Amino acid sequence: MNAGKILLVEDNPDDVALTLRALKSHNITNDVVVAQDGAQALDLLFGAKAAALEGELPAVVLLDLKLPKVNGMEVLQRIRADDRTRLLPVVILTSSDEERDVIEGYSLGANSYVRKPVDFVEFTQAAKQLGLYWLLMNRAAPVPRKP
Amino acid sequence: MALRDWPIQQKLTAMLVLISGLVLLLTSAAFAGYQYWSLRSATRDAVAVRGRIIAANSTASLAFANDADAREILSALRADRHIVAAVLYDKSGHVFAAYPAHVAGDVVPVAPGPDGYRFERGLLIGFQPVEEAGSQRLGTLYLASDLGAIYETFRLSGVIGLAVMAVALLAAYLLSRILQGTISQPILALAETAKAVSTRQDYAVRAPQLGADELGALTDAFNQMLSRIAEQKGELQRYAADLEKRVEERTHELQERNESLRRNAAELLAANTELDAFAYSVSHDLRAPLRSIDGFSQILLEDYSEKLDEAGRESLQRVRAASQRMGTLIDDLLKLARVTRAEIRTEDVDLSGMAREIVADLQRTTPERQVEFEIAPGLKARGDTRLLRVALDNLFRNSWKYTAKQPAPRVEFRSADANGGRTFMVRDNGAGFDMKYADKLFGVFQRLHAAADFEGTGIGLATVRRIINRHGGRIWAEGAVDQGATFYFTL
Chain A
26 MNAGKILLVE DNPDDVALTL RALKSHNITN DVVVAQDGAQ ALDLLFGAKA AALEGELPAV
86 VLLDLKLPKV NGMEVLQRIR ADDRTRLLPV VILTSSDEER DVIEGYSLGA NSYVRKPVDF
146 VEFTQAAKQL GLYWLLMNRA APVPRKP
Chain B
354 MALRDWPIQQ KLTAMLVLIS GLVLLLTSAA FAGYQYWSLR SATRDAVAVR GRIIAANSTA
414 SLAFANDADA REILSALRAD RHIVAAVLYD KSGHVFAAYP AHVAGDVVPV APGPDGYRFE
474 RGLLIGFQPV EEAGSQRLGT LYLASDLGAI YETFRLSGVI GLAVMAVALL AAYLLSRILQ
534 GTISQPILAL AETAKAVSTR QDYAVRAPQL GADELGALTD AFNQMLSRIA EQKGELQRYA
594 ADLEKRVEER THELQERNES LRRNAAELLA ANTELDAFAY SVSHDLRAPL RSIDGFSQIL
654 LEDYSEKLDE AGRESLQRVR AASQRMGTLI DDLLKLARVT RAEIRTEDVD LSGMAREIVA
714 DLQRTTPERQ VEFEIAPGLK ARGDTRLLRV ALDNLFRNSW KYTAKQPAPR VEFRSADANG
774 GRTFMVRDNG AGFDMKYADK LFGVFQRLHA AADFEGTGIG LATVRRIINR HGGRIWAEGA
834 VDQGATFYFT L
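From first to last, the protein sequence lines stand for chains A and B. So the first sequence is numbered by my numbering: it starts at 26 and just counts up by one. So the second sequence is numbered by my numbering: it starts at 354 and just counts up by one.
Since the hints were derived computationally from the structure, they do not count as laboratory data. Please read all numbers here as calculations on a predicted model, not as lab measurements. Even for Gly, the Cβ is constructed at its ideal location relative to N, Cα and C. No incorrect hints appear here.
What the simulated footprint calls covered on chain B by chain A, stretch by stretch (three residues with Cβ under 8 Å from a Cβ of chain A suffice, anywhere in the stretch; the number is not a length):
(1) 633-641
(2) 646-655
(3) 670-684
With the rest of the complex left out, here is chain A:
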């Protein structure tokens, strides 16, 4: 499997646990790094805590929208605004399928928009497919080197 990591930005510990379980139950063994709010996610990508990703960018960011401090849309904006993370795959994974969220998410450059199903079986399926697709099938853009 691809050595790339998954950055899960999710404030709800239940959802974190369920997502981790769903991923693991399908033998997606990649490290999952969890950010509990938007600020932490930005810290992990750009700031002092970037070490947790060992200087590498994650293979994919699973981004919730309703987050404390800095919300998902702002995180996405920051990611797309930075040269290094401009092409980083970002999947919005959220409870809502409000049309305006979908439109805004894609407008800000999200690569995908997935609504978390209430049914855990369906949720596990979705997690599995996401993991397989973004970690195995998808070919990510090379990370631009810092000059």
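We have chain A already, so just place chain B on it with the hints.
Below, chain B without anything else, positioned relative to chain A:
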């Protein structure tokens, strides 16, 4: 200045003086005429008396032809300076004696004229017979008197008359100056008042009433008229003020209504925004705990299955089913809210095509069901494509669901009007419903069937009605238990 432009005081004065003068003049003329006539007759009488006296005295002189005596007698006439000539003629008509002694020949007629006294050539002349007592005519006496006495008296009368007239006119003038006031003062006062009224628009002034005559009546009428005008003006002003007040009130009322409308609109907007925020929050936050409930129930079932008995496992399944049902409920409610909030974009909609797509979708997702669909071609409407699709989708799913227990399920979609008008109908031969509950069909969370028979949230038809209503249309249903249902809607 023309006479009619004279001030009324001058007019009255002039009139009175003129009338007085005319009256005086006429009176004086009449008097003068009378005096002239009476003076003449008095003078004639006086001369005649003298003539008779002289004639009586002259009888002896003539009888005895004593002319010296006759001249003596005639010379007595000297006492009357107006007698210019006197002549005694004898019986045969010859001058016997004359006075004055050398009287001018042209004054003395050569022979006596007819008897009597008359005025001739500015003189009063008279021929007086001289007779004896026995009526024997002895001769004729001739007397000529000038008219100086008449003229003197007449001149004096004239002077007196003129003086009287002057005094009388002066008195008339002064009197008229005083008396015209009684007529002119009320008129002037009226004029003054009328001027004040017209220039100052002051209807409170009143003309002073100076008497009870016609002018007094006029003044009174004028004052009454002013009162009426003032009254009516006051009334008009009151009406105007009242009208203004009412206009103001109405304006105020309208403003208040506007304000209230604005407030309502603002409230509505706020309510909409709130609903929006609420829906958004529901969409994000309400589903997360359900996921946890379902997720951890499933984890229990997976990881601790052997530690649970059948009842425990079934309970967990029920927990899962309930949370999933709640998830569906939330989704349906959000759809309803979205339908309520959505902006309507009107365009031409091909309902037949839309219906065929929905049926194709249903058949794809549930291939095990075999339902016969009959869709009339060419059904068209104007409305919001997305919302109408949601409505039609809900109606078809409804029919799809309630025909599940029907051996030969059949659904038709066509126009309900004979000429293909704007009333559409979706008819199925499914479970139907009791018309008693027809009004509950479109209420939110209203269900006419047990969840065990047919699943559902009771939101679908409410959503359809909301969409049809938002298009200004109407929806109603007919049906009977186990006889199928027909949904009609207009657009």
